Amino acid sequence: ELKVEQNPLFLSMQEGKNYTIYCNYSTTSDRLYWYRQDPGKSLESLFVLLSNGAVKQEGRLMASLDTKARLSTLHITAAVHDLSATYFCVLSGYALNFGKGTSLLVTP
Amino acid sequence: EPEVTQTPSHQVTQMGQEVILRCVPISNHLYFYWYRQILGQKVEFLVSFYNNEISEKSEIFDDQFSVERPDGSNFTLKIRSTKLEDSAMYFCASRDQGEWTEAFFGQGTRLTVV
Numbered sequence: 001e002l003k004v005e006q007n008p009l010f011l012s013m014q015e016g017k018n019y020t021i022y023c024n025y026s027t028t029s030d031r032l033y034w035y036r037q038d039p040g041k042s043l044e045s046l047f048v049l050l051s052n053g054a055v056k057q058e059g060r061l062m063a064s065l066d067t068k069a070r071l072s073t074l075h076i077t078a079a080v081h082d083l084s085a086t087y088f089c090v091l092s093g094y095a096l097n098f099g100k101g102t103s104l105l106v107t108p
Numbered sequence: 001e002p003e004v005t006q007t008p009s010h011q012v013t014q015m016g017q018e019v020i021l022r023c024v025p026i027s028n029h030l031y032f033y034w035y036r037q038i039l040g041q042k043v044e045f046l047v048s049f050y051n052n053e054i055s056e057k058s059e060i061f062d063d064q065f066s067v068e069r070p071d072g073s074n075f076t077l078k079i080r081s082t083k084l085e086d087s088a089m090y091f092c093a094s095r096d097q098g099e100w101t102e103a104f105f106g107q108g109t110r111l112t113v114v
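Protein chains in written order, with the working numbering: chain F, 1 to 108; chain A, 1 to 114.
Hints are computed from structural coordinates only; laboratory data are not their basis.
Mixed in with the good hints, there may be bad ones.
DSS-like mimics (lysine-lysine), calculated; alpha carbons at most 25 Å apart, straight line [said to hold, decoys possible]: (1) A/78 / F/17; (2) F/41 / A/78; (3) A/57 / F/3; (4) F/3 / A/42; (5) A/78 / F/56; (6) F/41 / A/42.
All values derive from a computational prediction rather than experimental measurement.
Hey, can you work out the whole structure from these sequences and the hints?
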C-alpha cells in the first residue's frame with residue numbers, strides 16, 4: 001500500500017523563522033509534488049520533483065527529494081504571514097496520492 | 001491562463017437524490033481526475049480517466065458513482081443516490097502528458113447532503 005506521511009501536521013511559527021516540513025513515502029515513484037491549499041480554496045501546485053537530489057526553489061520555499069531515503073522536504077526560509085496555508089506532499093502513482101497535509105500558521 | 005472550471009460551486013441536495021458535478025478540464029490535457037476532501041481532512045482519490053475510459057478508481061468509487069466525458073470538453077461526476085457522508089468538497093483535476101507535468105485543480109464543488 002502506498003503511504004505518504006507528512007510531519008508535522010500542524011506548525012505554528014513566528015515570522016522570520018526557518019522550518020522544514022518532512023514527507024516520507026513508502027514506495028518508489030516517478031514524481032513527487034508539493035501543493036498548497038488556502039482555507040476553502042483549491043490546490044495550487046508549487047513544485048514537481050523528478051529525480052534523486054532534485055532541489056527547487058521559489059521565493060521562501062525550497063523543496064528537495066531524496067529517492068533513496070524516500071524523503072522529500074519543504075524548507076521555509078524567513079517565514080512571512082502570507083505563507084500560512086496547508087501544504088501537501090503528493091506522490092504520483094496511478095493517481096496522485098496525498099499526504100495528510102501540514103497546516104502552517106505564521107504569526108507576527 | 002488556462003484553468004480547470006467546475007460548476008456549481010456549491011450544491012445542496014437531499015439524501016437519496018442524484019447529483020451531477022461538472023468540470024471543464026484544460027483543453028489539451030489528456031488525464032482527468034476526481035478527488036474529494038471532507039472538511040478539514042485528507043484529499044482522497046476517487047477516479048482517473050484517460051482515453052475515454054476509467055484508468056483507475058479507489059474503493060470510495062463504488063457503484064453509486066460514475067464519470068462521463070459526454071463531449072470533447074466536459075467531464076462529469078454523477079452520484080446516483082447521495083448519502084450524508086458524501087458531503088465534501090469535490091475537486092476535478094487535469095494533466096497533460098509529459099514527465100514534468102503537474103495536475104491542475106479546479107476550484108471545487110462543495111456538496112452538502114441534507
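Checked hints:
At roughly 46 Å between alpha-carbon atoms, residue 78 of chain A and residue 17 of chain F are farther apart than 25 Å, so this suggested pair is violated. For a cut-off of 25 Å, the pair hint linking residue 41 of chain F to residue 78 of chain A stands: about 22 Å separates their Cα positions. Straight-line distance between C-alpha atoms of residue 57 of chain A and residue 3 of chain F comes to about 17 Å, which keeps the hinted pair within the 25 Å bound. At roughly 13 Å between alpha-carbon atoms, residue 3 of chain F and residue 42 of chain A fall within 25 Å of each other, so this suggested pair holds.
This hinted pair does not check out: residue 78 of chain A and residue 56 of chain F have alpha carbons roughly 38 Å apart, beyond 25 Å. Taking the CA atoms of residue 41 of chain F and residue 42 of chain A, the gap is about 14 Å. The hint holds against a cut of 25 Å.
Violated hints for the displayed structure, listed by number in ascending order: 1, 5.
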